[in-house]
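A.B. asks: We have chain E; now place chain B onto it with these hints.
In order, the protein sequence lines correspond to chains E and B.
Per the working numbering, residue 128 is the first one in the first sequence, and the count goes up by one each step.
Per the working numbering, residue 1144 is the first one in the second sequence, and the count goes up by one each step.
Wrong hints could be hidden among the right ones.
Chain B stretches covered by chain E per the calculated footprint, using a threshold of three residues with CB under 8 Å from any CB of chain E [said to hold, decoys possible]:
id, segment
1, 1153-1164
2, 1184-1192
3, 1241-1249
If you want a taste of the chain E side facing chain B, the calculated C-beta under 7 Å gives, among others [what the hints assert, rightly or not]:
id, residue
4, His172
5, Thr227
6, Phe228
Calculated directly from the structure, the hints in this document are not laboratory data.
Bear in mind that the values here come from a model prediction, so they are computed numbers and not experimental data.
For each residue, glycine too, the CB sits at the ideal point set by N, CA and C.
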Amino acid sequence: SQQGEEDPQALSIQEGENATMNCSYKTSINNLQWYRQNSGRGLVHLILIRSNEREKHSGRLRVTLDTSKKSSSLLITASRAADTASYFCAPRGAAGNKLTFGGGTRVLVKP
Amino acid sequence: DSGVTQTPKHLITATGQRVTLRCSPRSGDLSVYWYQQSLDQGLQFLIQYYNGEERAKGNILERFSAQQFPDLHSELNLSSLELGDSALYFCASSSSPNTEAFFGQGTRLTVV
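So that you can see chain E by itself, here it is in the shape it has in the complex (with noise of 0.2 Å):
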């Protein structure tokens, strides 16, 4: 199965901390893309990482890829309120395997 596992499963932290949640795969990969859920809404495309990349930035959004270990790791920076949701991985080989999702890691950020 392509699907990743994201680790923890939750996490509870303070406004203005970082974030880190981790990716585990189990095949190669053509890229690792990254999925915010906010609560009853569709999800969101954060960020998309190629095999070849090792290290990926958008805003406050830090997204490392590690394919000898089949991992990725997302780091959200100096985080908010509004970053409170689930975070979901989405490993993608080749030839466009099932879009699938794990269970996520549900973030919450407290003011």
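C.D. replies: Quick look at chain B alone, frame taken from chain E:
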């Protein structure tokens, strides 16, 4: 606004009935995905289409069917509805099978 439009936003229907959910992908996107999300099941992949052809199938029940039309919009048909089918149904689209996907706002189905 993701550019993906799902209608209707809310739907309440009785057990045993049939409903059709509609999805209009972002302009130019050829791939369409359908998902079911209920409180105790997480986001379940149902089916994926690419340019009118079925590309991948998940745990889609036999009572459910979908198709993608020549204009690339897609419909998900749910029949013989049961209480357990109450959920949020999301559609997503992408330009190709492994690029980033854009999600609609979902259709909330309530079966009573």
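A.B. asks: Are the hints correct? Go through all of them and say.
C.D. replies: Each hint tested on the structure:
| no. | hint | in the structure |
| --- | --- | --- |
| 1 | 1153-1164 | violated (count 0) |
| 2 | 1184-1192 | holds (count 4) |
| 3 | 1241-1249 | holds (count 9) |
| 4 | His172 | 4 Å, holds |
| 5 | Thr227 | 5 Å, holds |
| 6 | Phe228 | 5 Å, holds |
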